[in-house]
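The listed protein sequences derive, respectively, from chains A and B. Its first residue numbered 14, the first sequence is counted upward by one per residue in the working numbering. Its first residue numbered 22, the second sequence is counted upward by one per residue in the working numbering.
Simulated from the structure, these hints should not be mistaken for laboratory data. Since the model is a prediction, treat every value here as computed from it, not as a measurement. Among the hints, a few may not be true.
Chain B side only, calculated, beta carbon under 8 Å to chain A, not exhaustive [stated by the list, open to error]:
{"hint": "1", "residue": "M95"}
{"hint": "2", "residue": "A137"}
{"hint": "3", "residue": "D147"}
{"hint": "4", "residue": "R149"}
{"hint": "5", "residue": "A155"}
Glycine is no exception: its CB is placed at the ideal position from the N, C-alpha and C atoms.
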Amino acid sequence: MSPLAKLLEAALFASARPIPTDELAALDPEASPAAVASALDELREHYDTDGHGVELADVGGGWQILTRAEFTETIERAQLAVRPARLSAAALETLAIIAYRQPIGRAEIEEIRGVNVGAVVRGLTERGLIEVTSRGEGIGRPLLYGTTPLFLEHFALRHLDELPRADEFAVALRAEPRPM
Amino acid sequence: MTGAIAPDAGDRGDAPAGFLIELPEYAGPLDLLLALIRDERLDIYDIPIARICAQFVERIHALGLNEAADYLEMAARLLRIKVQLLLPRSEGEDSWDDPRAELVRRLLEYQQIREAVDVLDRLGEDRRNRFARAYLPVAGAPPVAPLAMSLVELFAAVDRVLRVAKTPAVHDVIPRALDVDSAIATVRAVLALRQRAQWSDVLRAQAEPWEVLSTLIALLELARRGELRIFQPRPFAAVEIARESTGEAA
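Taking the hints into account, I'd like the entire structure generated from these sequences.
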C-alpha cells in the first residue's frame, strides 16, 4: 500500500466517527483530492481482495472501517459487540413519512398512517433519529419534526438526497391487473 | 405494543384486550386495507366498497381488534363511502365526485410510504449488521491518592507554615470609578495621529489598575462602535490597535 493509504487507514482506525473525505485530505496537505480518492480506493481494494474481516465503507458523513456482515452473528453471540435494536414497523413507517415530508407535524403523520403516532414519535425523538425543527402555522402552532444527522448515520446515508425520490417509487397498486 | 386504557384488560386470557394499536401483522388500518386489496387482486381505482368493508370488519374481528379505534374509524369511513355511493345523483350531472377518491388518494400515498419503508429497512439492516470499531473515550487521569499522614506530622506541617508565614497584609478596598470617557478621548487622540498603535501607546507607564481597566473598556467600546480594530498578527505577538477608516464615516 502507498504511504498515503496507510496514513488514511491509521486515521480511520483511530477515529471514533466516520471521517469525511475533506478531513482525510487534510491529514496530508500535499496530497491532492485525486490522490486521496485513489488512496481510499487502494485501501478498499486491499481489504476486499486480500481477504480481510473488515471493509472500508462510505457511510453517513464519511468513511469508516466496518466489520463484514458475515461475522456479525458470531461477534454478537460472544457479546463482544451488540447491534442496536431494530426499529419496529410502526417506527420505520413514521420515520419514512418524516424523512420524505419534513418538516411535518404529528397530525399529518397520523393522517397518512391512519393511526395515533404519539408514542412512536416520542420514541424516535428519544433515540435521536428525529427532532423538532420548527413550529407550524395554524391552531396551536404544532411542533414540526425533521430527521437528525444520527438518522443519516443510522441508514448509512451521506445526505437525504441519497434516498430515492418519492416519485421514483413504482406504486405497485397502479400496475395491479384488473380483476378478471 | 401499546395497551393504553384497556377497560376490559384481563377479561380474555388469549386475545389481546383493550386498545391494541400496533400489531405484528398490520401497521394500521390502511395497511390492512391494502393487504385485502392485494389479496383479492382488486383494482384500487374501482374498489367494491361493500365487499371490502365486509372483509375489513371480518378481519378485525378475527384479529380481536374490535376495540381498536383506528380500525373502527376506517370501518366507519368505508360504510360512509358505501352510503354516499348509494345516494341517488341527479341525471346528467357531470361533476360527480367519486366518494372513493379520497380513500384511493390515501391508499396510494400510504403505499408510497410503504415503499420508502422498504428502502429504509434495507439500508438500516445493512448498516446495523456491520460493526464500527468500538470506541471508549480515553480515561481521565487517575484520582489523586488520599493523603496519608499522622496527626503529629500534620501539626508539624502547620507549625512550619505558621513560622514562615508573615502577618497577612490587610487591604482596604476602595471602590474607584472608572473613567472610560477620558480613556476613549486618549485612544482617539492617539489614533488621530497614527494609523496603528499598541497597548503601551494608549496607556501611560505605571498606570493604576483603574486606568488599565478604563482603557480596556474604552478599546472594546470603540471596537464595538467600529472606530478601531483590535488584532494579533500572529500567536503571542503584541496586540495591535488600528484605526478603522470606514468607522469615522459611519
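To see whether the hints hold, each was checked on the structure:
| no. | hint | in the structure |
| --- | --- | --- |
| 1 | M95 | holds (6 Å) |
| 2 | A137 | holds (4 Å) |
| 3 | D147 | holds (7 Å) |
| 4 | R149 | holds (5 Å) |
| 5 | A155 | holds (6 Å) |
Violation of the numbered hints given earlier is absent; every hint is satisfied by the structure.
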